[in-house]
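Same order as they appear, the protein sequences are chains V and R. Quick note on numbering: the first sequence equals residues 1 to 547 in our numbering. Quick note on numbering: the second sequence equals residues 1001 to 1547 in our numbering.
Note that these hints are calculated values from the structure, not bench results. This structure is a prediction, so every number in the text was calculated from the model and none was measured. Hints are not guaranteed to be accurate.
[As the list claims (entries may be wrong)] Each computed DSSO-like pair below joins lysine-lysine, with the alpha-carbon atoms no more than 30 Å apart: (1) V:Lys408 x V:Lys369; (2) V:Lys248 x R:Lys1408; (3) R:Lys1264 x V:Lys408; (4) V:Lys369 x V:Lys337.
There are 2 protein chains.
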Amino acid sequence: GADPSEARSIRERVPPLLTDLYQFTMAYAYWRTGRHREPAVFELFFRDNPFGGGFSLFAGLHDCLLFLRSFRFTDQDVDFLRSVLPPATDPAFFEFLRGLDCSGVTLRSVPEGTVVFARVPLMEVAGPLAVVQLLETSLLCLVNYASLVCSNAARFRLAAGPRRRLLEMGLRRAQGPDGGLTASRYTYIGGFDLTSNVQAGFLFGTPVAGTMAHSYVTSFTSLEEVWPQTLVAANGDPDPVDFISLTKGWLSRVCELLGAESGKIREGELAAFLSYAIAYPHNFLPVIDSYSVGCSGLLNFCAVALALSELGYRPVGVRLDSGDLCSQSVDVRRVFKLCNEHFSVSTFDSLIIVGTNNISEQSMAELNKKENEIDVVGVGTHLVTCTKQPSLGCVYKLVEVRGRPTMKISEDPQKSTVPGRKAVYRLMDTEGHPFLDLVCLAVEPPPQVGVPLSYRLLGDDSVHSVTPAQVTCLRQEVFTRGEVTHPLCSAKETRAKVQVSLQSLHPRHKRLQDPDSYTVALSEKVHKLVTEIRRGSSNDSNFLWAN
Amino acid sequence: GADPSEARSIRERVPPLLTDLYQFTMAYAYWRTGRHREPAVFELFFRDNPFGGGFSLFAGLHDCLLFLRSFRFTDQDVDFLRSVLPPATDPAFFEFLRGLDCSGVTLRSVPEGTVVFARVPLMEVAGPLAVVQLLETSLLCLVNYASLVCSNAARFRLAAGPRRRLLEMGLRRAQGPDGGLTASRYTYIGGFDLTSNVQAGFLFGTPVAGTMAHSYVTSFTSLEEVWPQTLVAANGDPDPVDFISLTKGWLSRVCELLGAESGKIREGELAAFLSYAIAYPHNFLPVIDSYSVGCSGLLNFCAVALALSELGYRPVGVRLDSGDLCSQSVDVRRVFKLCNEHFSVSTFDSLIIVGTNNISEQSMAELNKKENEIDVVGVGTHLVTCTKQPSLGCVYKLVEVRGRPTMKISEDPQKSTVPGRKAVYRLMDTEGHPFLDLVCLAVEPPPQVGVPLSYRLLGDDSVHSVTPAQVTCLRQEVFTRGEVTHPLCSAKETRAKVQVSLQSLHPRHKRLQDPDSYTVALSEKVHKLVTEIRRGSSNDSNFLWAN
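Start from the sequences, fold in the hints, and give me the full structure.
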């Protein structure tokens, strides 16, 4: 499989210049005024669950950790910054940048692959003001799309049901080469089984799949192009069999069985199938709709698959790439059963049908409601571009500086931030379903199982009360003193976590349409701090001339 | 600026494994049947102009050329392929892959940065069947998003009008780190002036811009945090001036002039502005809506800017990041004019107003219709994710193999392909506006200026006639025998080409809403070939058993 050292070298290559220029001008202004080492705390969160849903998945942490670990400016980086920052910039600032790393940064984070909700602070980034400011754009960039596309994949997985296998095939529609790579990684984590992207398999160990495109089929016109024309049996019998004649015999019998007009069968398509089957007799899964499924593709498939079966091989299945996938798949399955009954080929019992045709979340959900026989669904454009909502909108907000809680006060309570360093607890009911995430001050004792606690909602003064049956602390320290302090998970491990986390979520929150909204609450102490700062802000020394 | 060698090393790193697995299984099947060296020709095109518009821009060629030039499998790549391709794969195939490069490939392409239309073959990729098949996904990936986001940028540019400067700031919303980099490159090419993405400046020489975020402003609470508190005058006078006192004086006068309540002015905001101005006295452009534009931000700005002006510096302007940008900008401009008149500060005449607030193409167009004073618009999410249509849908279709034209026949004429090797000519009217792209066979003589020619439309049998006033050949050979045969353009050069190409386009095709559709036509010879293949396809040896 993949060489982890290579994988690491590519994933670690997010350069510290991949950020917005204003991070540097602000870092300089902090440095210039001597505030760059002040302890500061930022929180990363999003304000609305994506796709009109009731939840999101948190992803991208792995990449953030690699980024933090390797965060360092090269001489070349600093030379470039010298050329773009204003000429007034003190040369000593560039020396400062040259020596910068994340040894002073501590990251507390929700584990990657966890179900999360709008307004829960997912990451807390604490460290010297100038450094944690510089990290903003890169961390947002690494979390935003990863979480979005992972959540999108999870929704496709929910829409598809657990039985069906899902193939990601969006590379050609993604935002350039590495947009595609990111998509492949995080859709796998979100619940897809396979990707078409070979480089993703190489880097992340993601299972890869794919067989043939229409161009392969249409590149053949005649059986004369098939070479070799023979195949040896799977049992190792050394005598090669004339595979073309064998298949032609089966084709006649198939036509007879189905009452099909043999005159509409495409020779080029048969040649393509034959040559592919001879090359890969164990992996025969052609695309059967290049011309006509019923009049040509399905007949050719059955003939080749019957010939393969006769030689002891197990054909894999077919791909449908156009038209009404459901009704076609039912027709195709019926023919497979008929062949099995009539020719006694048990291999036809386990043939798989792959459907790929501009599948959206909606068409996936519809597909799940209609009668169909599709075993594997391939999804490209709608999955990787997240057509339904192409950005998540994570933000990174200052909540404390020099030990002083700060908050952005907006007339819209949803746009205000929640001040101070916090702990986040997830409360579960007696059935193990999470039902409330409680944002507390870091210094508060955690909620106790079986003990009633009161809480508040943002922008609402009424007091609510609840008794948790279980409590977990949602975040953990994952990076400090320049070191990753929690084992990095492979894509496969994180993928398993996603499923565990989703399984515990109550169906009412998991519904794709009109879910019940999940409660994200503030502790009484947080609420008090918010109220104090709001009150203070409107009548104290924050104003230049207190009248 | 950027070191071109570094830039090259990153842009050339698209690995040949970044493709769909089926490209390899098909390449193997071609190889196994001895067809891998057959000369084949693919065409790359899209079927619909994006965003409901009348045109697109063609971009991504530069990256394609770097990809072709460096296309080679490493031992590690081949080892990985050995692990994912079926065990039946002949080991000699991996030797074949190991020796593969693009020395047999010829690419003819529309120049990057050209206005193009749906169904025009943009690229023709000719070479050994197995190689040109392997290139499919990577070329699509490199052209699709580049052309889409470049076209999106061009539409924002058209919506904004030529006067306004446009800043791309979408890094945090893009598909991961390199999705963001691709966005920055191609939005600049499409007509944006600036990017916030520093790494894009480093790699592509794109002008970068940015000053401060709200977090910078809210991190300050008191004037005590401002240090140093002095500034020397721009004329070099060595005596430092107490910049805080100077500004406070100006603030009183500004409040008096505007009849503003000084009691609502935020001390932290003033501290933030002062410290920034002291750090960068030549580059003062703060965000003024952290608290209240009218009650605090604008007053603080004017005071600091007046103090800077008194010391001989030229303040740059302000940024508005929320609310109604148009009406606020008008208010802000009015205050600037008032200050200028009242305090005789000419620097206030040329202050710029930057607006950034979730700008979409529509809000940009509306902004252009309403009275406003915004000089620079920053665009993020809607620009880089192309919310209006997040994928272009380029396809790559086989048009000739072993000298034989091939076509995909579909009941929907728009889904059929056009067979054979072609030349594409762009016909211009007497005013120099292109009005028709003519797809001819490569062997046909080009259309003659002033000579009437007849043409056909796809899926329509009627004959049309036209007389061009000018004719250009749309594509040129850009890669052959492993070499790039046409000078690679810098992002800046391609950006200029985009503007030239857009300027020649008639306004009726350039309209963002309900444009007139541009004619893409077939020559009589192409039409004849299509007809012959269609006819042949329905009654000849392409069928297995011609009845």
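Regarding the pair V:Lys248 and R:Lys1408, is the alpha-carbon distance no greater than 30 Å?
Holds, at about 25 Å.
Within a Cα-Cα threshold of 30 Å, do V:Lys369 and V:Lys337 meet the stated pairing?
holds, 22 Å
Hint check: V:Lys408 vs V:Lys369, CA-CA at most 30 Å. Holds or violated?
Violated. V:Lys408 to V:Lys369 sits at ~46 Å, over the 30 Å cutoff.
Below or equal to 30 Å on CA atoms is what counts here, so check R:Lys1264 against V:Lys408.
This hinted pair holds, its Cα atoms lying about 16 Å apart.
Going through the hint list in order, the structure does not satisfy hint 1, though it satisfies all others.
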